[in-house]
Structures are given as structure tokens and as C-alpha cells.
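J.: Respectively, the protein sequence lines represent chains A and B. For the working numbering, count along the first sequence from 1 and bump the result up by 394. For the working numbering, count along the second sequence from 1 and bump the result up by 91.
By construction, these hints were calculated from the structure, which means they are not laboratory data. Incorrect hints may appear among the rest.
[Claimed, not checked] Incomplete in silico selection of chain B near chain A, CB under 10 Å: (1) Phe124; (2) Phe129; (3) Ser206; (4) Ser214; (5) Met216; (6) Thr218; (7) Ala351; (8) Lys354; (9) Gln355; (10) Gln356; (11) Gln358; (12) Leu362; (13) Lys366; (14) His422; (15) Phe481.
Bear in mind the structure is a predicted one, so any value in this text is a computation, not a measurement. A virtual CB, placed ideally from N, CA and C, is assigned to each residue, including glycine.
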Amino acid sequence: MKRTMLAVALLATIATCTHAATLEQKVVEHTLKNGMKLLLVERHTSPTVSAWIRFRVGSVDERSDERGIAHLLEHMLFKGTTTLGTKDYAAEKPVLDRIEEVAQALTAEKAQREKADAGKIAGLEKQLASLEADASRYVIKDEFFELYSRNGGTGYNAFTSRDGTTYLISLPSNKLELWAAIESDRLQNAVLREFYTERSVVMEERRRSYDADPESKLWETFVASSFLAHAYGQPTIGWMSDIENLTRSKAEQFFHSYYAPNNAIVAIVGDIDTTATIALVERYFGAIKPGKQPPPVTTLEPAQAGERRIELLADAEPTVIMGFHKPAISTPDDYVFDVINMILGSGRTSRFYKKLVIEKQIATDIGAFDAPGHRYPNLFVVSANPRAPHTAADVEAAVQAELELLKTTPVAARDLQRILNKMEYEEARRMGTNGGLARNLTEYEATTGNWRYMTEQRSKIAGVTPDDIMRVARTYFTRENRTVGFITKKGGDK
Amino acid sequence: MRRLIISICFLLSTITAVCAADFQPGNPRTMKFPELNFQIPKAERIVLECGMPVYLLRDTELPIIGVTAMVRAGSVYEPAAKSGLAGMAGSVMRSGGAGGMAPEAMDDELEFMASAVESGIGSDMGTVSLTSLKKNFSRTLQIFRQVLLHPDFSEKRVEIARRQAIEGLRRQNDDPKDIAGREIHRAIYAGHPLGTVPTFESVSAVTRQDMIDYHRSFYRLDRMILAVSGDFDRSELLKELNAVFGAVKNSGAPDLPNIAQPKQQFQGEVLYGKKDVNQTVIRMGHLGLTKDSPDIYAVRLLDYILGGSFTSRLTMEVRTNQGLAYSVGSHFDIGRRFTGSFIAETETKAESTAKAISLMKGIITDLTKEPVSDAELSAAREYMINSFMFGFTSPASIVTQRARLEYFGYPEGYLEQYRENIAKVTKADILNAARKYLHPDAFKLVVIGNGAKFDQPLSMFGTVRELDLKTTVPK
Numbered sequence: 395m396k397r398t399m400l401a402v403a404l405l406a407t408i409a410t411c412t413h414a415a416t417l418e419q420k421v422v423e424h425t426l427k428n429g430m431k432l433l434l435v436e437r438h439t440s441p442t443v444s445a446w447i448r449f450r451v452g453s454v455d456e457r458s459d460e461r462g463i464a465h466l467l468e469h470m471l472f473k474g475t476t477t478l479g480t481k482d483y484a485a486e487k488p489v490l491d492r493i494e495e496v497a498q499a500l501t502a503e504k505a506q507r508e509k510a511d512a513g514k515i516a517g518l519e520k521q522l523a524s525l526e527a528d529a530s531r532y533v534i535k536d537e538f539f540e541l542y543s544r545n546g547g548t549g550y551n552a553f554t555s556r557d558g559t560t561y562l563i564s565l566p567s568n569k570l571e572l573w574a575a576i577e578s579d580r581l582q583n584a585v586l587r588e589f590y591t592e593r594s595v596v597m598e599e600r601r602r603s604y605d606a607d608p609e610s611k612l613w614e615t616f617v618a619s620s621f622l623a624h625a626y627g628q629p630t631i632g633w634m635s636d637i638e639n640l641t642r643s644k645a646e647q648f649f650h651s652y653y654a655p656n657n658a659i660v661a662i663v664g665d666i667d668t669t670a671t672i673a674l675v676e677r678y679f680g681a682i683k684p685g686k687q688p689p690p691v692t693t694l695e696p697a698q699a700g701e702r703r704i705e706l707l708a709d710a711e712p713t714v715i716m717g718f719h720k721p722a723i724s725t726p727d728d729y730v731f732d733v734i735n736m737i738l739g740s741g742r743t744s745r746f747y748k749k750l751v752i753e754k755q756i757a758t759d760i761g762a763f764d765a766p767g768h769r770y771p772n773l774f775v776v777s778a779n780p781r782a783p784h785t786a787a788d789v790e791a792a793v794q795a796e797l798e799l800l801k802t803t804p805v806a807a808r809d810l811q812r813i814l815n816k817m818e819y820e821e822a823r824r825m826g827t828n829g830g831l832a833r834n835l836t837e838y839e840a841t842t843g844n845w846r847y848m849t850e851q852r853s854k855i856a857g858v859t860p861d862d863i864m865r866v867a868r869t870y871f872t873r874e875n876r877t878v879g880f881i882t883k884k885g886g887d888k
Numbered sequence: 092m093r094r095l096i097i098s099i100c101f102l103l104s105t106i107t108a109v110c111a112a113d114f115q116p117g118n119p120r121t122m123k124f125p126e127l128n129f130q131i132p133k134a135e136r137i138v139l140e141c142g143m144p145v146y147l148l149r150d151t152e153l154p155i156i157g158v159t160a161m162v163r164a165g166s167v168y169e170p171a172a173k174s175g176l177a178g179m180a181g182s183v184m185r186s187g188g189a190g191g192m193a194p195e196a197m198d199d200e201l202e203f204m205a206s207a208v209e210s211g212i213g214s215d216m217g218t219v220s221l222t223s224l225k226k227n228f229s230r231t232l233q234i235f236r237q238v239l240l241h242p243d244f245s246e247k248r249v250e251i252a253r254r255q256a257i258e259g260l261r262r263q264n265d266d267p268k269d270i271a272g273r274e275i276h277r278a279i280y281a282g283h284p285l286g287t288v289p290t291f292e293s294v295s296a297v298t299r300q301d302m303i304d305y306h307r308s309f310y311r312l313d314r315m316i317l318a319v320s321g322d323f324d325r326s327e328l329l330k331e332l333n334a335v336f337g338a339v340k341n342s343g344a345p346d347l348p349n350i351a352q353p354k355q356q357f358q359g360e361v362l363y364g365k366k367d368v369n370q371t372v373i374r375m376g377h378l379g380l381t382k383d384s385p386d387i388y389a390v391r392l393l394d395y396i397l398g399g400s401f402t403s404r405l406t407m408e409v410r411t412n413q414g415l416a417y418s419v420g421s422h423f424d425i426g427r428r429f430t431g432s433f434i435a436e437t438e439t440k441a442e443s444t445a446k447a448i449s450l451m452k453g454i455i456t457d458l459t460k461e462p463v464s465d466a467e468l469s470a471a472r473e474y475m476i477n478s479f480m481f482g483f484t485s486p487a488s489i490v491t492q493r494a495r496l497e498y499f500g501y502p503e504g505y506l507e508q509y510r511e512n513i514a515k516v517t518k519a520d521i522l523n524a525a526r527k528y529l530h531p532d533a534f535k536l537v538v539i540g541n542g543a544k545f546d547q548p549l550s551m552f553g554t555v556r557e558l559d560l561k562t563t564v565p566k
């Protein structure tokens, strides 16, 4: 009986909570003295909270001899600190140092490839295995995960992209101090133990995500071929030989260069008290010294001067990807591309879907999006699966015809209005989950410099005219600016 | 009180930074937390004039309304010779126009309102869902009703759905993970509708009339449950729902076709599919249990300890200690109407294929021999109990969860007693569950990769049957 009454009371609570506030009204900003940016939103729908930390560092910031390090470091930052993940760091440290010496010698010897000394490699491998076994005596495996889980934490994870690296967790809202304690410790005292085993895990991740999946392999090849100079071309996970040559020392150096509070954006969304949460973050993170501001990537991709065509032979049915270079996020033309994306590729009323999937039935699915990152000039991409007997070439021609149409025929007012209506809905919808909102706040703050991009995008898009669309289409959808990647079936008749 | 101290500290610290200097960080291992008042949110259950149950939860945070209809249908009820019928029918209910409204007109009107109506049929449930801004709800609800009750199954859209399904079949062997996922289910559910997969022949045999008949026989008002959440006015909503579904009690639905449970025969089998890739996809498993078993709580804890978490035995050994895989784990899919499955899975480089399989089988076997440790049990138990509230983070998830419990006939109080039931499980219960539900000698083992590069021949695990992965398209 008591239970029923409580339930009724709760229903009433949810039903009478405050009426729809805008995002602008809900977000509280606070910047710590050391430069850490904090974005807070109170949502009391459930007694839970999501906390996301975004570092403004991704694979685009890597030098050529450390490709893959941003992502491997992200894995390594789950391994603990000087006090967590270890039974006795003082005793563990000398063993870790020995491991690093031996592993570096082994990595250097293996890098000689065919000239390497097989006997030396075998000896070093044996030595490394024995040292790793020794070190493992001190390790408390995945203690961060264990602590979060015991306390009901879910979705503990991290991801690395070209543009950034993000660490996320959702917790019961009374446990936020656990997050502050673990994450501030990780930022100051991370220990990259078990490095060389984790490097093998990342190689398996690479095999799983790229090598053995034809569509992803085409994607990786396509992006790499689209950028000759800019680091957007290199895969975030790194090429296999890059990963093989990463060391703990390189990862530590990268960590110290980029993981400073002034390079971090934190979003905390959920059942919180804003004032108390700011105080909590101040207490745990406030005393951390700021680091140097990392330099931006200065390489500019030279203008593409001719079409590039990339073929991948694979044991798979054909797929086609087309890309055109375009400016970075929140530049004037980027808003025009937002409109073009939606007109061509969003939903059942999009031109690609209506023309290629329903009318001509030459593709089963087709989409348009921006990639591979947003901070720097990127690509407008169209990706489609042809429907047999139609070919990748048939699909490419039909896509090209739609792009040509955009150059010459003004888009109807109703099509533009549909986009604005969709954005109105999306603005409401994306406030509906703690994690989703934290994701958007950190992403846009990091890539555009201001989370308000989320609220301003619609008015910018409302200013896009049919003439703008024709101009942008004519400027960017040119033959010389185009890269086309496609899978040809191995042993097929082409 | 605690909050007050924090606030005072904050005021000082922003001005003088005194607090930061004296601050001692809490120890994550021993940290204590304030009490949290969590009560399981309830949705209101009402019954429409036509007899349809509706779960309601009003939440005005966002000007959005969501509706889901759950319908007693499913691909298990389709004949094997027409495998694919239910999935295609579910899709064409939405894509093929409804209530006389042409497909293009419906797409245009919905997308102009930024509303969505979607339909699909899974193995044991059909769903039609709606989301819309509050201001467009009434009109979107009209379209939702037509899709749910009066789909037109346009001939052209039926044909497009078939052609798309055929193209999907052509592509079904492109990604080794897709192959392995399909084949392990076929092996576990051999001879049962759950183990039947669409083929070129079965998809080609489906007619528009089959879809109409399928819809007519399953999509009845007395076989549906509705879940509604968001920014609605309760009395207006009820008025609208009653107007949309009418007052006629649609009763006397014939019983659903009686589909037998899959046969409980445990017999090992090794299936190999050749793909020229540098990483092998491994799946192993057999039948599991249904939600009606009293062992489900012990099995959930067993699941977490064995392969359901980042600190599970499988992940700890195969990934963290040995670096043999990025993704490794296992899962008891607890069946709702039909016996569920247990599947363990990983992907590892070709050269460590046999090593990984042996390691995983060994870890699974260990659980049937010795009880788990106290530390493992408490970690699993605390996670399940403390994270329970994440099942209730949005009004939509709360109402659909309630509707789903009724749809599948979960016992009264299932959610309310869930944490208690988890807390009661002992190490002996978990050992018993492991012995009852894990039979590593009887695993169906599916291995997709390049056998020439494996560290040991697969025959060490039993007689190998090679899968035919050639896609032979008729005509």
C-alpha cells in the first residue's frame, strides 16, 4: 500500500515539473581559473547524472611518427593511477620502467623488419613476458571500471575521433563525487600500465573494425586518398605498422602535452544542484595546473586538381562513396551544406531516396554526411549501396545528376521550410537524455568554440537562400574536387 | 547539511581559494555517499472503450509526444516457405501508404511536420511507433492509426521491399561478423521458426495478398497494447484515443498459432565458413532459458560474472591479460515466449583462433566446476542493484517497459521485487545455474575466417562441417 501511494505521488511530480525551457535558459557555464570549461544542465527526470569530459585533442593532432597514439592513449587511461589499479606503486614502478626499456629495444629491433635479428627478438620477447608477469602481481585489474560499476555506474566508456577524445559515465546522482575523485586523479596521476598488452588489443580492434570489414576498409582508403597533406586523411586508429611502433613513452609524452584542464570541456547533465556541482568540480579540479595551449594544426590541404578514383577489390558486393572538399564547421558555406545534406540525404522525402531508391530503384540505401572531422575543412560525402544488376557507376551517375540539378534549379520554399521544421523538433528532442545533451554540449563547444552553435544553427540555416545553394553547388561539386571510392567484387566480371 | 557545507565552501573558494588549499580528495575505494531516494516510477494503466490497454506517463519537460503500439505478431508465425514475410509486411505497412493516402503524400506530410510514424515486425512482436511535436500530435495520430489498422500495401512498394530484401541477401556474406551471427542462430534453433532465415526463394514467394492476410489476422484491436508518454493533456488524450480506436469492443481473437518450443537437444557441432581475412570471427553457444524459470536471477549474475561486463572473466582473460581480442563476451538472451540462448563471442587474429576458442571454453567450463568468489558475487550484485534506476531514465522508456511486461506476461511485481531477487542469489545458486545452463561440450561452434592460417586445425573441436558461403542468385 505504501508503495502505491509513493508511486502516485511520483506521477504527480513528473506531471507538474516546470514547462519547456529552452536550452539557452538551461545551460550554466563556469570556467575554472585553470581554464577548464564546465557546462551544467539540471534535469530532474530521474535521479541520474551523465558526466562527459572532452579533450580538444584527436588523431588530427598526431605527428606522423605517432599515428594512432591519441586512440591508444585513450585505452591506456583506463588502467589506473599511482593509487588506483595498483597494490603498491612504489614496488611496481621499477618493473614498469624495465618493461619500457625492454619493449623499446624489442620495438626497435622489430622495426628493422627483414634485417632484424630473430634470436634477439625471441630473447627480448621472453624477457618482456617475464617482466609483464612480474608487474601483474601489483595490478588491480580495471579498478576504475570496478568502482564505477559497484556504484551503479553505466556506459563507462571513451571514444577518440579526428577532432577530440571524450570520457563518459552515467551515475546515480548521489555518486557524482566518485566521478570527480576518479577523473581528477586520472588527469593528474595516470599510470599507463599493461601498455603492450593493450597495444595488441588495439591491433585486434583494427582488424575487427577495418581489415576484415570491406565497407570500413573502403572508407579508410577513401578518406586517406582524399587528403594528401592534412592529417584528417590518416585513420584515427593508426595504420597497423604505426600501432606496432607505439611505445608507452610516446603515449606519456602525448598525454602531458594535451591533457591539461585548459584543454578540457566538462558537461554534467542530470539530477544535480548547479551550485553544489560547481563547488565539487572546483574542489577536485581547481588546483590542477594549466598546461600549454596546444597549437592548432597548420597544414592546409592543397586544392584538389583532378578527380581521384579509388578501387578496392574485396569479397563483397559493390559499394560507392563520393566526396567533395568543403570548409569546416560553422563557416558560412558550411550552413549551406547543412541544407544541401538534408535536401539530398535526410529522410524519405530526400532527393536521393526518392530518385535512386524509389523511382529508379538502383540503390537500396543512400546517405549524405560530413566527414571525417569538423574542426578543419572536411568532405561532403555521399555513400550508397547499388542494387544489382545496377552498378556503382549507375549510382554515381544518378548522384551526379542530382548534384547538377542543385546548380541550376532553385530549391523550393517548402523544402527549406521542411528543414527548419525538422530542426525545431530536433532542438527539443536532443534535450531529452542526459547523455545525448552532454555529448552535444561537449562536441559543439569543442568543434565550434561555443555550445550555442546548437541554438544558433537554425537561424543561420533560415538565412540560407536558394541562390546560396546554387552558388555552393557550383563552387564545390566539380569534377576536380571529387574523389570516388568503390568496391569491386573479387573474381567478378569487371 | 552536506549540501550546505559545500555551498559555503564554494562561496569562499571562488573568492579566496581557501577551500582548494585545504582540500583532501575523497578515496574512491571507501567513499560514502548521501542517501538517494529512488522510487520505481509507475505509469498509469487505463483501458480504452474498445478494450485496449494503454500505459500513460505525462512529462512536460519537452513539447514532444511519443506513442508505441505493441501488437501480438512476429516472424515466428510465418511459414518457412515465406520466410521474410513478417519483416517485409511490417516495413510496407509504413512505406506502402495507408487509409487511401499515397506513400509519397504520407512521407511528405509527416516529414513536413517533423513527425515520425514507423512500423516493424520482429521475431515475437510487431510495433508501430509515433513521435511528434505536441502541436502536430492530432494529425500524426490520424496517420498512425491508418498505418496500424488500414495499410494499403501499394503494389509498387511491395515490389521495392522485395527487391531490397533480395539485395540484402546478396550482401549477407560480405561482413564475417554478420555471417557468424546468422549461422550461430541457425545452428542453435535448427528445425524451429527462430532458426529459419529468409532465402531468395522464400522472399520471392511472398505476395502482396500474403501481407494483407498477415496484417488482417494479427493486427486486431484486442491484440494490442499502447504506451504513451510526453507533453499531453490527459483528458484530451483519452478523448482522442477513444475517437481514433472507436467504442466497439473487438473481442474473440482466435488464439495465436501454437508454435512449439525449440527442442532441448544438446549436441556439439563445428561449423566453418571460409573468408580470406586476417581476423577470425568466433561464436559458440546453445539454447538457454525463458523468463518463466525461477533461475533467471542467478543466471543474470552468472552472465555478468562470466561475460557481461568489462571485468568479466572472459574479458579479463582474453582481452586484458592476453591481448587476444578487442571484443569478447557472452550473453544469456533470456527468452520471453520461446527458449532463449547462450552465446559467447569474440574475434581474434587468424593465428590465435584455436587458442582463443580453447581459452573461452575453459573459462566457461570453470564456472560449472567451482563457485564464483565472494568478491565476484558482490561486485555483480552491487552493479545490478545500484544501476537498476537506469531502466527508468525517460518517460518513454518507463511506459514502454510497463507495456512490454504486460505484453510478455511478466508476473505482477516483477520490477518491484527485482532487486530483492537479485540480492537473494547465493554462490551455490550461481554454480547450480552454471551446471544447469552451460554445456561447453554441446556448443555449436561457428568459426568464420581463413582456416589455412589458424594455429591449430578446427577438427580438434569436433567434426567440421563447412558452410557454403557462395551467394547463388536465382535467375
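J.: Next, verify each hint and record whether it holds.
T.: Here's how the hints hold up against the structure:
Because the smallest distance between the Cβ of B/Phe124 and any Cβ of chain A comes to about 5 Å, under 10 Å, the interface hint for this residue holds. Interface hint status for B/Phe129: upheld, as the beta-carbon distance to the closest one in chain A is roughly 5 Å, under 10 Å. For B/Ser206, the suggested interface contact is upheld, since its CB lies about 8 Å from the closest CB of chain A, less than 10 Å. Interface restraint check: B/Ser214 against chain A, minimum CB-CB distance 23 Å, threshold 10 Å, status violated.
The interface hint given for B/Met216 is violated, since its Cβ lies 24 Å from the closest Cβ of chain A, which is over the 10 Å cut-off. The restraint placing B/Thr218 at the interface with chain A is violated, with a minimum CB-CB distance near 18 Å, outside the 10 Å limit. At a threshold of 10 Å, the smallest CB-CB gap from B/Ala351 to chain A is about 35 Å, leaving the interface hint violated. Taking 10 Å as the C-beta contact cut-off toward chain A, the hint placing B/Lys354 at the interface is violated, the least distance being around 34 Å.
Below 10 Å, beta-carbon pairs count as interface contacts, and B/Gln355 has none with chain A, the closest being about 33 Å; its hint is therefore violated. Against a cut-off of 10 Å between C-beta atoms, the interface hint on B/Gln356 is violated, since the closest Cβ of chain A lies about 33 Å away. Taken as an interface hint, B/Gln358 does not check out: its beta carbon lies about 30 Å from the nearest beta carbon of chain A, beyond 10 Å. Given the 10 Å rule on beta carbons, the hint for B/Leu362 is violated: about 18 Å separates it from the nearest Cβ of chain A.
At about 6 Å, the closest approach between the beta carbon of B/Lys366 and any beta carbon in chain A falls short of 10 Å, and the interface hint on this residue holds. For the restraint placing B/His422 at the interface with chain A, the shortest Cβ-Cβ distance is roughly 16 Å, beyond the 10 Å limit, so the hint is violated. Here the hint on B/Phe481 is kept, as its CB sits about 5 Å from the closest CB of chain A, short of 10 Å.
Hints 4, 5, 6, 7, 8, 9, 10, 11, 12 and 14 from the list above are not met by this structure, while the remaining hints are.
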